[in-house]
Amino acid sequence: MYNNKLIGSMYVTPFIIGFLLFTAFPFIASFVLSLTDARLQDQLGAANFTGLANYGEMAGDATFQKSLGVTFFYVFVTVPLKLAFALLIAVILNFKLRGIGFFRTAFYLPSILGGSVAIAVVWRFVFAGDGLINQAFGVLGFGGINWLGEPDTAMFSIVLLRLWQFGSAMVVFLAGLKAIPEDLYEAADIDGASRFKQFWMITLPLLTPVLFFNFIMQIVQAFQEFNGPYIITAGGPLKSSYLLPLMIYEEAFKYFNLGYSSALSWVLFVIIAIFTAVAFWSQKHWVFYAQERDDNKGGH
Amino acid sequence: MTNSVKLTDVKKSFNGHEVIKGVSLEVKKGELVVFVGPSGCGKSTLLRLIAGLDTPTSGEIHISNKDVTYAHPSKRGVAMVFQSYALYPHMTVADNIAFALKIQGLPRAEVDAKVAEVAEILQLTPLLKRRPKALSGGQRQRVAIGRAIVRQPDVFLFDEPLSNLDASLRGQMRVEIARLHAKLGATSVYVTHDQVEAMTLADKIVVLNAGHIEQVGSPMELYRRPANLFVARFIGSPNMNILSVKVAGAAATTVTLETPQGLLEIPRTGVVATNGDTVSLGLRPENLHVAADGEASHLKGHVVLIERLGGETFAYVALKDFGNDPVIIKLSGEADLHNHQEVGLRVDLDRAHLFDAQGLALGQPLGAAPDVGAGHV
Numbered sequence: 008m009y010n011n012k013l014i015g016s017m018y019v020t021p022f023i024i025g026f027l028l029f030t031a032f033p034f035i036a037s038f039v040l041s042l043t044d045a046r047l048q049d050q051l052g053a054a055n056f057t058g059l060a061n062y063g064e065m066a067g068d069a070t071f072q073k074s075l076g077v078t079f080f081y082v083f084v085t086v087p088l089k090l091a092f093a094l095l096i097a098v099i100l101n102f103k104l105r106g107i108g109f110f111r112t113a114f115y116l117p118s119i120l121g122g123s124v125a126i127a128v129v130w131r132f133v134f135a136g137d138g139l140i141n142q143a144f145g146v147l148g149f150g151g152i153n154w155l156g157e158p159d160t161a162m163f164s165i166v167l168l169r170l171w172q173f174g175s176a177m178v179v180f181l182a183g184l185k186a187i188p189e190d191l192y193e194a195a196d197i198d199g200a201s202r203f204k205q206f207w208m209i210t211l212p213l214l215t216p217v218l219f220f221n222f223i224m225q226i227v228q229a230f231q232e233f234n235g236p237y238i239i240t241a242g243g244p245l246k247s248s249y250l251l252p253l254m255i256y257e258e259a260f261k262y263f264n265l266g267y268s269s270a271l272s273w274v275l276f277v278i279i280a281i282f283t284a285v286a287f288w289s290q291k292h293w294v295f296y297a298q299e300r301d302d303n304k305g306g307h
Numbered sequence: 044m045t046n047s048v049k050l051t052d053v054k055k056s057f058n059g060h061e062v063i064k065g066v067s068l069e070v071k072k073g074e075l076v077v078f079v080g081p082s083g084c085g086k087s088t089l090l091r092l093i094a095g096l097d098t099p100t101s102g103e104i105h106i107s108n109k110d111v112t113y114a115h116p117s118k119r120g121v122a123m124v125f126q127s128y129a130l131y132p133h134m135t136v137a138d139n140i141a142f143a144l145k146i147q148g149l150p151r152a153e154v155d156a157k158v159a160e161v162a163e164i165l166q167l168t169p170l171l172k173r174r175p176k177a178l179s180g181g182q183r184q185r186v187a188i189g190r191a192i193v194r195q196p197d198v199f200l201f202d203e204p205l206s207n208l209d210a211s212l213r214g215q216m217r218v219e220i221a222r223l224h225a226k227l228g229a230t231s232v233y234v235t236h237d238q239v240e241a242m243t244l245a246d247k248i249v250v251l252n253a254g255h256i257e258q259v260g261s262p263m264e265l266y267r268r269p270a271n272l273f274v275a276r277f278i279g280s281p282n283m284n285i286l287s288v289k290v291a292g293a294a295a296t297t298v299t300l301e302t303p304q305g306l307l308e309i310p311r312t313g314v315v316a317t318n319g320d321t322v323s324l325g326l327r328p329e330n331l332h333v334a335a336d337g338e339a340s341h342l343k344g345h346v347v348l349i350e351r352l353g354g355e356t357f358a359y360v361a362l363k364d365f366g367n368d369p370v371i372i373k374l375s376g377e378a379d380l381h382n383h384q385e386v387g388l389r390v391d392l393d394r395a396h397l398f399d400a401q402g403l404a405l406g407q408p409l410g411a412a413p414d415v416g417a418g419h420v
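Protein sequence lines correspond, in order, to chains A and B.
Each residue of the first sequence is one higher than the one before, starting from 8 at the first, in the numbering used here.
Each residue of the second sequence is one higher than the one before, starting from 44 at the first, in the numbering used here.
Hint data in this document are derived by calculation from the structure and do not stem from the laboratory.
Straight-line Cα separation of at most 30 Å, DSSO-like style, residue types lysine-lysine; simulated pairs: (1) B:K145 with A:K103; (2) A:K185 with B:K172; (3) B:K343 with B:K289.
Some but not every residue of chain A turned toward chain B, in silico, with C-beta under 7 Å: (4) L191; (5) E193; (6) G199; (7) A200; (8) P212.
Built from N, CA and C at the ideal position, the CB exists for glycine as well.
With these hints in hand, go ahead and build the complete structure from the sequences.
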C-alpha cells in the first residue's frame with residue numbers, strides 16, 4: 008500500500024510542481040504585485056505597498072477605459088457571431104453526404120492554425136494596403152480600403168480573424184449534433200415538422216448543453232485575445248483595437264509598470280469570472296440536460 | 044372492407060444488397076397486423092417503408108387507396124411508435140403529445156382538449172407536466188402511444204414498442220395495446236421479433252424471413268397449419284420438435300413413416316411423396332404425452348432434463364436411435380417424472396406436421412381443426 012502511494016505521488020509530482028510554479032505562484036504573485044508600485048527594471052525589494060492605488064488609477068485612466076470598451080465590443084460581437092457561424096457550419100457538415108469526412112477535416116484546419124502567430128502574420132498581409140483583399144477589389148474595379156489604418160475596419164479585421172477560428176467550437180457542435188438521436192427527427196418528420204422547425208424545436212434545445220460549453224469557452228478566450236491585435240494592428244489605430252490583454256502586456260513589458268499591469272490582469276480576471284458565473288447561474292433557464300436515457304436497458 | 048395499407052411487390056436495397064425482396068401485402072381497415080421474424084429479416088425496414096422514412100427501390104405502397112410510395116411521411120396519414128419511444132427529452136409529456144397538433148397549427152384550446160382526452164385514455168393525466176426522464180419505461184411507452192393516438196391517423200405503426208421493457212411490464216403493456224386497439228379499432232401494423240406478442244396481439248401475422256414473406260395468416264392458422272418449416276419453428280413456444288424420418292408409404296388419407304424406432308402411421312391427405320424420401324416430422328410439445336405404465340407408445344426414450352415452471356413442466360426426452368437432439372414435451376405442473384427415467388411417448392398423430400426436403404408443408408392434416416380467430420381483451 009505504502010509503495011503504491013509513493014509511486015502514485017511520483018506520477019503526479021511533475022504536475023503539482025508545474026502547477027505551483029507556473030499557475031499558483033504567478034496567480035498569487037500578480038495579486039500581491041497589483042497592490043504595489045513594482046516596476047519591471049527594479050529590484051522587487053524596491054517596490055512599495057500602495058494598497059488599492061493601482062485600482063484607483065484605472066478610474067482616471069482614459070486608455071484603460073477605451074481598452075475596456077473595445078474589449079467588451081470585441082467580446083460581444085465575436086462570441087455570438089462565432090457561435091452562430093460554428094453552428095451553421097456544423098449543421099451543414101452534419102448532412103450525410105459523400106466525402107463529408109474530407110470537408111469536416113478541411114473546415115477544421117483553420118482552427119489548428121487560426122490562433123497561431125503565423126496566421127496572424129498572414130492576416131496582416133491579407134488586409135494590408137497592397138494586400139490580397141485590396142488587390143481583389145482592384146481587379147473588380149473597386150478602390151482599396153485602408154483596412155488596418157481606419158479604426159472601424161481595423162477592428163473588423165481582428166474580429167474576422169476570430170471568426171476564422173470557428174473549428175474547435177464547430178467540432179464540439181458537430182459532436183453534439185451527432186448525439187441527438189436520429190429517431191427524434193424521424194418522429195418529427197412523421198409529425199410534419201419542417202427542417203426549420205425541427206432545428207428550432209429539437210436541435211437547438213437539445214444542443215444547449217454544448218452551446219453552453221462553447222459559450223463559456225468563447226467568452227473566456229475572447230476576453231484573452233492577444234495575437235490578433237498584437238501582430239495585425241498593434242492595438243491601433245487610435246487604440247481602436249487595443250484589447251485589454253494587449254494593454255496588460257504593454258503596461259508590463261513596454262512601460263515596465265508591473266504593479267499596474269498586475270492590477271489590470273486582476274480586473275480582467277474578475278470580469279471573466281463574473282461573466283462565467285452569470286452564465287452558470289443562467290443555465291437553469293435555458294440549458295436542457297435531459298438526454299433521454301433508457302433506464303430499463305441497464306448500464307448507461 | 045377497404046384496404047388500409049397495400050404493398051405491391053415492394054423491394055428495397057441498401058448499397059446493392061436487397062433486404063426486401065418483393066413483398067406484396069394487404070392490411071384491411073381496422074386490422075392489427077403483426078410483422079414477425081428474426082432480427083435482420085427486414086420487418087423494421089418494411090415498416091419504415093410504409094412510414095415513408097425510407098423509399099422503396101421498386102414497387103408501390105398505397106395507404107387508404109392513395110399511392111404514397113414517394114410521399115413525405117407527414118402526408119401518409121400514419122403515426123409511429125418507435126422502439127426507443129423517440130420522446131423529445133426537453134419537452135413535458137403534454138408538449139410531447141401536443142407536438143404534432145402544434146405543428147399543424149391547431150388552436151391552443153383544441154390542442155389542450157385533445158391532449159387531455161388522450162392523457163385520460165392512457166392514464167397519463169397526473170404526469171402531463173413531467174419530462175420524459177422522470178418517467179418509467181412503461182410510462183414513456185404510453186406517452187409515445189399517446190403521441191400517435193392524438194393525431195388520429197389512418198394507420199398506426201409500431202416498431203418493436205415493447206422490446207425495451209422488462210418482462211412483466213411487457214406483458215402488461217401488451218394487454219394495454221390489445222385493449223386500446225379493441226377500443227379505437229384503428230388499423231395498425233406492429234413489428235416484433237417476439238412470437239408471443241405476435242400471437243396474442245395480431246388479427247393477422249406476417250412471418251418474414253430474409254426479406255420475403257414466409258406466410259400470412261391468423262395466429263391459429265399459422266400455429267395449426269404452418270406453410271413451411273421456418274414458420275413451424277418460429278411460431279409456438281417451446282419450438283416445434285422436428286424429427287428426420289423417411290416415407291414408407293403414402294395412401295389417400297394416411298402416410299406411413301419409417302423412424303429409427305419403427306413405423307408411424309399419420310392421418311394426412313394430399314401427401315405426394317416417393318417411398319424413401321427423407322421428410323421432417325413436426326410435433327408440437329403439447330402433442331407428445333408420456334404413456335402410462337403398460338400403455339402402448341409410439342416412441343421411446345429417456346428423460347435428460349426437466350424444467351418445472353410451476354403451472355407446467357417441460358421434459359426433454361432423448362429418443363432412442365434418433366441422434367442427439369432431445370424432443371421437448373409440455374406436461375402439467377405436477378407431472379411425475381425424473382431425470383434418466385425411461386419413458387414411452389404417445390403422439391397426437393392427427394396433429395403431426397410433415398415437411399418435404401425443401402421445408403414446405405406436405406399434404407394437409409385430416410379434418411384440420413377449424414380456425415380460431417384472434418381474441419381481444
